[in-house]
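Using the sequences plus the hints, can you model the full thing?
With the numbering used here as the guide, the letters of the sequence shown map in order to residues 23 to 115.
One thing to keep in mind: the hints can contain errors.
[Unchecked claim] Derived pair list, reagent style SDA-like, types lysine to any residue, alpha-carbon separation capped at 25 Å: (1) Lys46 x Pro62; (2) Lys46 x Ala100; (3) Lys46 x Thr107; (4) Lys46 x Met36; (5) Lys46 x Phe106; (6) Lys46 x Glu87; (7) Lys46 x Ala99; (8) Lys46 x Pro115; (9) Lys57 x Val85; (10) Lys46 x Leu70; (11) Lys57 x Phe98.
[Unchecked claim] Here are the in silico distance ranges between beta carbons for each label pair: (12) Thr107 x Arg44: 16 to 22 Å; (13) Ser86 x Val49: 16 to 22 Å; (14) Gln104 x Met35: 17 to 23 Å; (15) Met35 x Asp58: 18 to 24 Å; (16) Leu89 x Thr48: 17 to 23 Å; (17) Leu89 x Pro54: 33 to 39 Å; (18) Ala92 x Arg113: 18 to 24 Å; (19) Glu64 x Glu87: 18 to 24 Å; (20) Lys57 x Leu37: 26 to 32 Å; (21) Ala50 x Thr75: 17 to 23 Å; (22) Arg30 x Asp90: 27 to 33 Å; (23) Asp56 x Ala92: 35 to 41 Å; (24) Ala110 x Gly34: 30 to 36 Å; (25) Asn114 x Leu37: 15 to 21 Å.
The set of hints was computed from the structure by calculation and includes no laboratory data.
On a predicted model such as this, the values are computed, not experimentally measured, just so you know.
In this text, a Cβ means the ideal position worked out from N, Cα and C, and glycines have one as well.
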Amino acid sequence: MIQPRHGRATLGMMLGETGNARAKFTVAVPTPADKDPIAPVEAMMRTLWDGQTSRHGNQGGTVSESLDSARAGVHFAAALVQWFTSGAVARNP
23 MIQPRHGRAT LGMMLGETGN ARAKFTVAVP TPADKDPIAP VEAMMRTLWD
73 GQTSRHGNQG GTVSESLDSA RAGVHFAAAL VQWFTSGAVA RNP
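Laid out in structure tokens, this is it:
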């Protein structure tokens, strides 16, 4: 949804895209004119990026991850996928 023509897009690539093209995104929940509507979505993506470093397997230097943290990460990821697939968060051409 963020990079529809990139079949192997990663979370890091999507964070870069939202940072570079934030005006192209809309969210279904109304946002005051002085607020950035994509900021909450980007914050959830950043939380996964910074807090779930073990997602790449045996990569060195991962942060300690508890079962509760892993479960929360699944919920964050599921919410993000749902928002984008349902159109609650959309990228405009």
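Okay, the hints, checked on the actual structure:
1. Lys46 x Pro62: Holds, because 15 Å separates the two Cα atoms, which is no more than 25 Å.
2. Lys46 x Ala100: holds (22 Å)
3. Lys46 x Thr107: holds (16 Å)
4. Lys46 x Met36: Status holds; Cα separation ~13 Å.
5. Lys46 x Phe106: Within the cut-off at roughly 14 Å; holds.
6. Lys46 x Glu87: Given that 25 Å is the threshold and the Cα spacing comes to 34 Å, the pair is violated.
7. Lys46 x Ala99: holds (21 Å)
8. Lys46 x Pro115: holds (7 Å)
9. Lys57 x Val85: violated (31 Å)
10. Lys46 x Leu70: holds (22 Å)
11. Lys57 x Phe98: holds (22 Å)
12. Thr107 x Arg44: 16 to 22 Å: holds (20 Å)
13. Ser86 x Val49: 16 to 22 Å: violated (32 Å)
14. Gln104 x Met35: 17 to 23 Å: Distance hint for Gln104, Met35 holds at roughly 20 Å.
15. Met35 x Asp58: 18 to 24 Å: Since the Cβ atoms of Met35 and Asp58 sit about 20 Å apart, the hinted range of 18 to 24 Å holds.
16. Leu89 x Thr48: 17 to 23 Å: violated (35 Å)
17. Leu89 x Pro54: 33 to 39 Å: Since the Cβ atoms of Leu89 and Pro54 sit about 37 Å apart, the hinted range of 33 to 39 Å holds.
18. Ala92 x Arg113: 18 to 24 Å: Given about 29 Å between the Cβ atoms, the range is violated.
19. Glu64 x Glu87: 18 to 24 Å: holds (22 Å)
20. Lys57 x Leu37: 26 to 32 Å: Given about 19 Å between the Cβ atoms, the range is violated.
21. Ala50 x Thr75: 17 to 23 Å: Cβ of Ala50 to Cβ of Thr75: about 31 Å, so the range 17 to 23 Å is violated.
22. Arg30 x Asp90: 27 to 33 Å: At 30 Å between Cβs, range holds.
23. Asp56 x Ala92: 35 to 41 Å: holds (36 Å)
24. Ala110 x Gly34: 30 to 36 Å: violated (23 Å)
25. Asn114 x Leu37: 15 to 21 Å: Holds, since Asn114 and Leu37 (Cβ atoms, about 19 Å apart) stay within the stated range.
Checked against the numbered hints above, the structure violates hints 6, 9, 13, 16, 18, 20, 21 and 24; every other hint is satisfied.
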